[in-house]
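If you want the building blocks of each chain, they are given just below.
2 protein chains.
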Amino acid sequence: MSKDNKMDKLVSFCKRRGFVFQSSEIYEGFAAIYDFGPYGVELANNIKSEWWKSMTQFRDDVVGLDSAIFMSPKIWEASGHVKGFSDPLTECRKCNARLRLDTILEDVGVFADEKMSEEEINEIFDLNKDKIKCPICGSQDFTPGRKFNLLVQSNLGNFTGDWTKEPTYLRGETCQGIYVNYKNVLDSARVKIPFGIAQIGKAFRNEITARQFIFRTREFEQMEMQYFIKPDDYEKYYEEWKDVRWNFYLNLGIKEENLRWHKHENLVFYAKEAYDIEYNFPFGFKELEGIHARGNYDLTQHSNHSGKDLNYFDPVTNEKFIPHIVETSAGVGRAFLAVLSDAYREEGEGDNARTVLKISSKLAPVKIAVFPLLKNKPELVKKAREVFDELKMNWKCEFDDNGNIGKRYRRQDEIGTPYCLTIDFDTLENDEVTVRERDTMTQERINIKDLKDFFNKNIL
Amino acid sequence: MSKDNKMDKLVSFCKRRGFVFQSSEIYEGFAAIYDFGPYGVELANNIKSEWWKSMTQFRDDVVGLDSAIFMSPKIWEASGHVKGFSDPLTECRKCNARLRLDTILEDVGVFADEKMSEEEINEIFDLNKDKIKCPICGSQDFTPGRKFNLLVQSNLGNFTGDWTKEPTYLRGETCQGIYVNYKNVLDSARVKIPFGIAQIGKAFRNEITARQFIFRTREFEQMEMQYFIKPDDYEKYYEEWKDVRWNFYLNLGIKEENLRWHKHENLVFYAKEAYDIEYNFPFGFKELEGIHARGNYDLTQHSNHSGKDLNYFDPVTNEKFIPHIVETSAGVGRAFLAVLSDAYREEGEGDNARTVLKISSKLAPVKIAVFPLLKNKPELVKKAREVFDELKMNWKCEFDDNGNIGKRYRRQDEIGTPYCLTIDFDTLENDEVTVRERDTMTQERINIKDLKDFFNKNIL
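Which chain is which? The protein sequence lines are A and B, in order. What the first sequence shows, in the numbering used here, is residues 10 to 469, in sequence order. What the second sequence shows, in the numbering used here, is residues 10 to 469, in sequence order.
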């Protein structure tokens, strides 16, 4: 399978089997937005649940939070997003395509620093205009570049007619909701440094060009954790969190050969260190998660802008300080795409050909499929229903009585269901069912009364 | 506890114990938006998880979906929200308070129909002006009423300078994402009528006045299910869903005497029937969930506006029809507030006084608290850690070694932890721990090796 080919196959698979739909499809779509279908929402929920459990349930130094998408606009001024969070935009005068100026410069080998002013980047743009063509229509006629702010603006809470002068913002990252609740958490949750706050939630960015399916979208979901530490402790905890986060993906079943570290060379001025975990997507190694030592910049900014004392007082050493932060920042959509890309296989030939999602059982959208051998034999259907009704209380199950068993296996293989279970005429005699495993395709007979123990042991 | 008093107590409890924080508090707040703190996010997640399991896992006729907050603006034109989804707004000329005109009319006994035009409602307004006073400052000088659209507008995906002419909308209800994906689900999920699509997600409304804590907020989370049926079947399924939804709240542990039905008398023209489940909040009986027989209005609108055929073809009867819909629409914030209000108790007197959250164990933010009897005895702390590390793999646990056991019990009672478990010196001899139950406050000694069975049986 070539890499291009694989991406096309994944996109088509996602639609066909109800993992991901293009937004507003019956209305000809809505750019850079996607919906999760019936199996997709289960997979996404399972990824989020694994993250949440590993962060908040399995450790006792991290608590959860769910701050709202909307916050005071002052927060985005303090964070620097209102002024500084922008990409340079140009438009092709011929086909009206909107393009990221830094990207089309990069395509001709010219590097534009994100800190450059509008004038600076336009100077470089003018110098290189003879080399640059519109990637859509080939024209060389562009509007001058302008900085376009990525924060999405809205009129929530604004009841005046002309509200663009005082917009409210949809959050551009979830972590700001953690920073501004740090004091609330300190005052209510009995935490002591070092401690973390973990949050899963939507964020929004007005990306000029959104590409690569669900890899970069204007609405996306983040899983972010901010770990509050003593100023001098960052090296120790930074290394610890790098390990923890790397192992998280291995625990999801991602192959280690498809992961690598990428060290950031151009750090923002306050950052001490920044690494990405990259995954080998069909379009190359790209960021899956960022792990950042952010110094005390965030809390210092919010302390200065809000006028509130955000110092931490250490009751043991009597020290007072603004905590430093190690951040881990992952995306649900990217983890989703990495998991699918890693697990998707086409195997066998002819009658034995199958598409199979070799996904960890803890992530599988459906854990167990239950089949009566024949749909027109009421006694088989009844027995199968009984087994289904029992197992569904513990696991996400699917009942399927349609077509021959081979076809039913193929349908479940494709969505990654680890076990299929068939009720046949022998079952009516001896209570044994055929349990078939997805990856090895081996079958064994198990008594109905032993099924719960079997699945408790084999489904993670 | 008087009702006013109770609401004040709940709000203060929510902040003190990390259930709900006012948004952007260090920046003096952001109106009508709230954040869930460490225990709040666990409770909200547990409510959502119970809804999701009861809707999608325990039944095989409902599939899940997670459509994005943003969709094509055409969807909100088709649904009628762009034109019709508005409240009448007036401003006090003296104190600049923004007020809902229909509400202040209601306060003087005048009923303004929501279908009234701006002119019609201003006529009534003028006729009654001598009776109406600003509830904030008492002035009688108001601006004329104007219809204010509740859909929140944004510039997502719009890169022009003057984007208010072509805004995109944050969804005002999650169900539209279900309607426009109905065909995708039909084509991918092998569903047959009758079937449902369930979704949990955020929605946004520019409420003019938001009141009553998390009961009515501008950003809120919905749990909506749309059940697609044959045109003539609505009575049967409507009654069935009324039962299912009523029982859902009983299963959450809500007392039945605090629930009641409210039948809508003024139906929108396409609706066949509409009932609310109301809960007896501290501010009176108010809507917790709506159950609506919506006819085939929604799919018909989207079929007409998109030009796509949204008919269902029944392979058994060869009939072709636009399905009718029974909707169940609940709010996470309202369920959260109902659960807290129902469970919050102040008991005992003097040294025996305690606040206790008598919440179902399936909803409790923490299931088990683990205490070493004394924090300065390493052998007790070590043993307690071992028990904690074992149990946390199955249940959300909390470790607490601070203060005397009585105080630790009180802290856990207040957040509704069903079981506290103390490791003492006897434990080191015989492996038995004291397990104390929240509601009865009874204690029993249980061997560590039997704890899992005990909690498996007693925690839902």
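Don't read these hints as lab results, they were simulated from the structure. Some clues are possibly wrong.
The list cannot tell twin chains apart, which means a pair is met if one copy fits it or any two copies do.
[To be verified] Subject to a maximum C-alpha distance of 25 Å in a straight line, what follows is the list of computed BS3-like cross-link-like pairs (lysine-lysine):
{"#": "1", "residue 1": "Lys367", "residue 2": "Lys124"}
{"#": "2", "residue 1": "Lys401", "residue 2": "Lys371"}
{"#": "3", "residue 1": "Lys201", "residue 2": "Lys405"}
{"#": "4", "residue 1": "Lys384", "residue 2": "Lys416"}
{"#": "5", "residue 1": "Lys57", "residue 2": "Lys281"}
{"#": "6", "residue 1": "Lys239", "residue 2": "Lys384"}
Model, not experiment: these values are computed from the prediction.
Here is how each hint holds up against the structure:
| no. | hint | in the structure |
| --- | --- | --- |
| 1 | Lys367 to Lys124 | neither (43 Å within a copy, 55 Å between copies) |
| 2 | Lys401 to Lys371 | both (15 Å within a copy, 17 Å between copies) |
| 3 | Lys201 to Lys405 | between (38 Å within a copy, 19 Å between copies) |
| 4 | Lys384 to Lys416 | within (14 Å within a copy, 60 Å between copies) |
| 5 | Lys57 to Lys281 | neither (28 Å within a copy, 39 Å between copies) |
| 6 | Lys239 to Lys384 | between (65 Å within a copy, 24 Å between copies) |
Hints 1, 5 from the list above are not met by this structure, while the remaining hints are.
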